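Chain residues, written in single-letter form:
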Amino acid sequence: MSSDQELRVSKIQSGTVIDHISAGQALNVLAIIGIDGTGGEEVSVAMNMPSDRLGKKDIVKVEGRELSQNEMDVLSLIAPAATINIVRNYEVVGKHPVERPAVVTGVLECPNRHCITTKNEPVDSEFEVLDDGVRCAYCDTIIREEIAAHRKSDTFRHSGAARLFGQVLLKPFCPWVVRRGYGLRLDR
Amino acid sequence: MRQDHIISAKQLSREDIEEVLDRAGEIAADPSSFQGRHEGSLLGLLFFEPSTRTKMSFSAAMKRLGGDIVDMGTVESSSVKKGESLADTVRVVEGYADALVLRHPSEGSAKMASEFVAVPLINAGDGAGQHPTQTLLDLYTIRENAGFEDLTIGIMGDLKYGRTVHSLAHALTVFDARQHFISPESLQLPRSVRYDLHEAGADVREHTELDEVLPELDVLYVTRIQEERFPDESEYHEVAGEYQIDASTLSAANDDLTVMHPLPRVDEIDHDVDGTSAAKYFDQAHNGVPVRMALLDMVLGGDR
Numbered sequence: 001m002s003s004d005q006e007l008r009v010s011k012i013q014s015g016t017v018i019d020h021i022s023a024g025q026a027l028n029v030l031a032i033i034g035i036d037g038t039g040g041e042e043v044s045v046a047m048n049m050p051s052d053r054l055g056k057k058d059i060v061k062v063e064g065r066e067l068s069q070n071e072m073d074v075l076s077l078i079a080p081a082a083t084i085n086i087v088r089n090y091e092v093v094g095k096h097p098v099e100r101p102a103v104v105t106g107v108l109e110c111p112n113r114h115c116i117t118t119k120n121e122p123v124d125s126e127f128e129v130l131d132d133g134v135r136c137a138y139c140d141t142i143i144r145e146e147i148a149a150h151r152k153s154d155t156f157r158h159s160g161a162a163r164l165f166g167q168v169l170l171k172p173f174c175p176w177v178v179r180r181g182y183g184l185r186l187d188r
Numbered sequence: 001m002r003q004d005h006i007i008s009a010k011q012l013s014r015e016d017i018e019e020v021l022d023r024a025g026e027i028a029a030d031p032s033s034f035q036g037r038h039e040g041s042l043l044g045l046l047f048f049e050p051s052t053r054t055k056m057s058f059s060a061a062m063k064r065l066g067g068d069i070v071d072m073g074t075v076e077s078s079s080v081k082k083g084e085s086l087a088d089t090v091r092v093v094e095g096y097a098d099a100l101v102l103r104h105p106s107e108g109s110a111k112m113a114s115e116f117v118a119v120p121l122i123n124a125g126d127g128a129g130q131h132p133t134q135t136l137l138d139l140y141t142i143r144e145n146a147g148f149e150d151l152t153i154g155i156m157g158d159l160k161y162g163r164t165v166h167s168l169a170h171a172l173t174v175f176d177a178r179q180h181f182i183s184p185e186s187l188q189l190p191r192s193v194r195y196d197l198h199e200a201g202a203d204v205r206e207h208t209e210l211d212e213v214l215p216e217l218d219v220l221y222v223t224r225i226q227e228e229r230f231p232d233e234s235e236y237h238e239v240a241g242e243y244q245i246d247a248s249t250l251s252a253a254n255d256d257l258t259v260m261h262p263l264p265r266v267d268e269i270d271h272d273v274d275g276t277s278a279a280k281y282f283d284q285a286h287n288g289v290p291v292r293m294a295l296l297d298m299v300l301g302g303d304r
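So the sequence lines, in the order shown, correspond to chains A and B.
Going by this note's numbering, the first residue of the first sequence is number 1, and it counts up by one from there.
Going by this note's numbering, the first residue of the second sequence is number 1, and it counts up by one from there.
Think of the hints as simulated: they come from the structure by calculation, not from any bench.
Note that the structure is a prediction, hence the values are computed from the model and not measured.
In this text, a Cβ means the ideal position worked out from N, Cα and C, and glycines have one as well.
Careful, some of the hints might be misleading.
The calculated DSS-like cross-link candidates involving lysine-lysine, where the alpha carbons are at most 27 Å apart (straight line), are [said to hold, decoys possible]: (1) 81/B with 119/A; (2) 160/B with 55/B; (3) 119/A with 10/B; (4) 95/A with 56/A; (5) 82/B with 119/A; (6) 55/B with 81/B; (7) 160/B with 10/B; (8) 160/B with 119/A; (9) 10/B with 55/B; (10) 55/B with 119/A.
Label pairs and their calculated CB-CB ranges [what the hints assert, rightly or not]: (11) 39/A with 52/B: 46 to 56 Å; (12) 95/B with 23/A: 50 to 60 Å; (13) 4/B with 128/A: 13 to 23 Å; (14) 199/B with 23/A: 27 to 37 Å; (15) 185/B with 153/A: 30 to 40 Å; (16) 71/B with 120/A: 16 to 26 Å; (17) 95/B with 97/A: 46 to 56 Å; (18) 146/A with 42/B: 43 to 53 Å; (19) 233/B with 86/A: 40 to 50 Å.
Here chain A stands alone, though its shape is the one from the complex:
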């Protein structure tokens, strides 16, 4: 692709670049980190980009946002090969792969409406990480499918809006982003 055909996304000033996301998981990554577009963050998404390591990969860039450890823990469940790049003042100041933890705390919400963690109690959600899902440490409920849909709603206010954002608004847009070779130049 010649350079004049290439639309580049400028480097982010400060924030997070999540690289090596399993192809097709970028929207779930956004859901996990609680971005549905309503917060005004500048977000760039690339999907199904060629990758030496993964074959294809997704990439997400978020301006003005660094991920908490708890968010990175949950991210590892849906994007186990992801690399987190922390950018400050245009420089990558930290770069590390996500690690699959034994437990994830605080980011997910238990889908069991009778679970004590969903009540008005001073307790964080806590999930044990299984080989094929996660399990609530309080009520034992197991989540195997659509982990990203269980992002806690107090930090991600509109999970319904998130799904709409993913399925209706971003999906038609992303292939265009990818076709135009949006300049997300990251190591593969």
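With chain A held as given, fit chain B onto it using these hints.
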């Protein structure tokens, strides 16, 4: 046993369970030897849901040990009505008692509450979660009547929401029991319990009809199917009717069959079973006192 809190049957090893059952056996054999053992101790009862057997047998157990109870009373008459969180309630009440017993409609409530208190907290039922003290008295009854050696048990009824079933199924894995689960498809074991049974390598089979397995059973543990689990009344009556037993049902069973039920029953065990040698559910309910005395004795430091 060194357990500060009794939250789930999953936390109990075979040794823990046998220690409680042995002590309960000592108490049942000579109740007077434990009288007055915990004089001056207070047990706090926090029942956020109605209870007859569990609450009364905990009260009886504590009083027979020489202690007394302080009771939160009903939710309607308590500060919970004013919107107090469970975490706050238990933090307050732990200052009034040496141990707490909690029944609450939310799953995981006992685990959470235990994280806020220093005194021992005993789970007396958390929603559809666990009911470990019921399990201990169930196991005591099984040991008294059938023994754990080469045990085959059938557990029938509401396996999805029945907390006594969830606790018992976990605990039976440490005794290598063969477990047959008999229920309508809509009320089969929840995913989390299946996962644990699988992880424990338990010998488990599922059935929709009792006759498939009745002749093999040493113990039949019947539970109530609740009407509110079904979308309409007619479906409930149709399904529930298939999981009821009467004296004629038992003609196909092993002569030594033990029939158990956590009670209350509605019509899943006909009254004509009550007079048979198989019926052990009232003994089972009575066993709640020595078993809870044993457990309280241990959590209050009786083994020191």
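Here is what the structure says about each hint:
no. : hint                         : verdict
1   : 81/B with 119/A              : holds (15 Å)
2   : 160/B with 55/B              : holds (24 Å)
3   : 119/A with 10/B              : holds (24 Å)
4   : 95/A with 56/A               : holds (20 Å)
5   : 82/B with 119/A              : holds (15 Å)
6   : 55/B with 81/B               : holds (21 Å)
7   : 160/B with 10/B              : holds (17 Å)
8   : 160/B with 119/A             : holds (22 Å)
9   : 10/B with 55/B               : holds (22 Å)
10  : 55/B with 119/A              : holds (25 Å)
11  : 39/A with 52/B: 46 to 56 Å   : holds (52 Å)
12  : 95/B with 23/A: 50 to 60 Å   : holds (57 Å)
13  : 4/B with 128/A: 13 to 23 Å   : holds (21 Å)
14  : 199/B with 23/A: 27 to 37 Å  : holds (32 Å)
15  : 185/B with 153/A: 30 to 40 Å : holds (32 Å)
16  : 71/B with 120/A: 16 to 26 Å  : holds (24 Å)
17  : 95/B with 97/A: 46 to 56 Å   : holds (48 Å)
18  : 146/A with 42/B: 43 to 53 Å  : holds (48 Å)
19  : 233/B with 86/A: 40 to 50 Å  : violated (59 Å)
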